[in-house]
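Peer 1: Sequence:
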Amino acid sequence: MAFRLNRYAPSMISARKRCTALAGAALICSMVACSGENAAATSPGPSTPGTSTTAAPVQTDGTLPAGTDIYGYRDSFARCRGTERLVLLVGQTTGSSVTTFHGSTVGGDQRFVVCEDRAGTRIVRATAPALRPEPFEGTFFTFTANSQQFVADGMKIDLARATITVTDDPKHPEFRAVTWTVNEYWGAVY
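Those letters in the sequence shown? Residues -35 to -1, 1 to 155, per mature numbering (1 follows the signal peptide of the UniProt record, and there is no 0), in order.
Derived by calculation from the structure, the hints in this document are not laboratory data.
There's no promise every hint is true.
Below, simulated EDC-like cross-link-like pairs (lysine to aspartate or glutamate); rule was C-alpha separation at most 16 Å, straight line [to be verified]:
1. K136 / E99
2. K121 / D133
3. K121 / E102
4. K136 / D118
Simulated restraints on C-beta separations [said to hold, decoys possible]:
5. I35 / P135: 12 to 22 Å
6. G27 / R141: 31 to 41 Å
7. H137 / F42: 28 to 38 Å
8. D133 / T28: 31 to 41 Å
9. E102 / F140: 29 to 39 Å
10. F42 / T132: 17 to 27 Å
11. G47 / F140: 17 to 27 Å
12. A84 / R141: 15 to 25 Å
In this text, a Cβ means the ideal position worked out from N, Cα and C, and glycines have one as well.
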């Protein structure tokens, strides 16, 4: 009885090697394309069920939205400071009022900017009156396939191309998640 060291035909082995190489290349490409730093997106993703919006189209041409500059939103806490550079600007800025967790009505602009310092550390600065009466900042948590996540004041903030989602807010445990549809988006390509 002859013992065969290799039980696959040579053509099968080379096909398996090619598939492994292609899978590795696809993984690297997806990590680069979905790092959250690119201005373009392949799809806006699903919207929140049962809601509709009349928000302006999302900025996709690489131009900063009106009312912003290279540091973030003008006249707002949601800005980069000193030597930090702006890498992501996401907002739900309709100008209309929103209802807070406590039932009161406040200005409706939820503004988030991601800044990066010279060491590459990212932080988020936000003015989101529907979440907190005062502006806040948070620290980088992780990248996902289509977003960047931060933690601030016990809550997790997910900044994606189509939505801003806040979960696990300890000040409002009765809500699992709060989501806004994005109508202002800009991402730097560095």
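Peer 1: Return holds or violated for the Cβ distance of E102 and F140 against the range 29 to 39 Å.
Peer 2: violated, 21 Å
Peer 1: Given the hinted pair K136 and E99, is their alpha-carbon gap at most 16 Å?
Peer 2: Measuring from Cα to Cα gives roughly 14 Å; hence the hint holds.
Peer 1: With respect to the beta-carbon atoms only, verify the hint that I35 and P135 lie 12 to 22 Å apart.
Peer 2: Hint violated: Cβ distance 34 Å, outside 12 to 22 Å.
Peer 1: Within 15 to 25 Å: is that where the Cβ-Cβ distance between A84 and R141 falls?
Peer 2: Given range 15 to 25 Å: violated, Cβ gap about 34 Å.
Peer 1: CB of H137 to CB of F42, is that within 28 to 38 Å?
Peer 2: Roughly 21 Å apart at Cβ, these two residues miss the hinted range, so it is violated.
Peer 1: Need the status of pair K121, D133: alpha-carbon distance at most 16 Å?
Peer 2: With a Cα-Cα distance of about 6 Å, the restraint between K121 and D133 holds, given a limit of 16 Å.
Peer 1: CB of G47 to CB of F140, is that within 17 to 27 Å?
Peer 2: violated, 35 Å
Peer 1: Between F42 and T132, does the beta-carbon spacing fit 17 to 27 Å?
Peer 2: holds, 22 Å
Peer 1: Using the beta carbons of G27 and R141, state whether their distance is inside 31 to 41 Å or not.
Peer 2: holds, 35 Å
Peer 1: Starting from the range 31 to 41 Å, see whether the pair D133 and T28 falls in it by beta-carbon distance.
Peer 2: holds, 34 Å
Peer 1: What's the verdict on K136 and D118, does the C-alpha distance respect the 16 Å limit or exceed it?
Peer 2: holds, 9 Å
Peer 1: Under the criterion that the straight-line Cα-Cα distance not exceed 16 Å, is the pair K121, E102 satisfied?
Peer 2: With a Cα-Cα distance of about 12 Å, the restraint between K121 and E102 holds, given a limit of 16 Å.
This entry does not satisfy hints 5, 7, 9, 11 and 12, going by the numbered hints stated previously.
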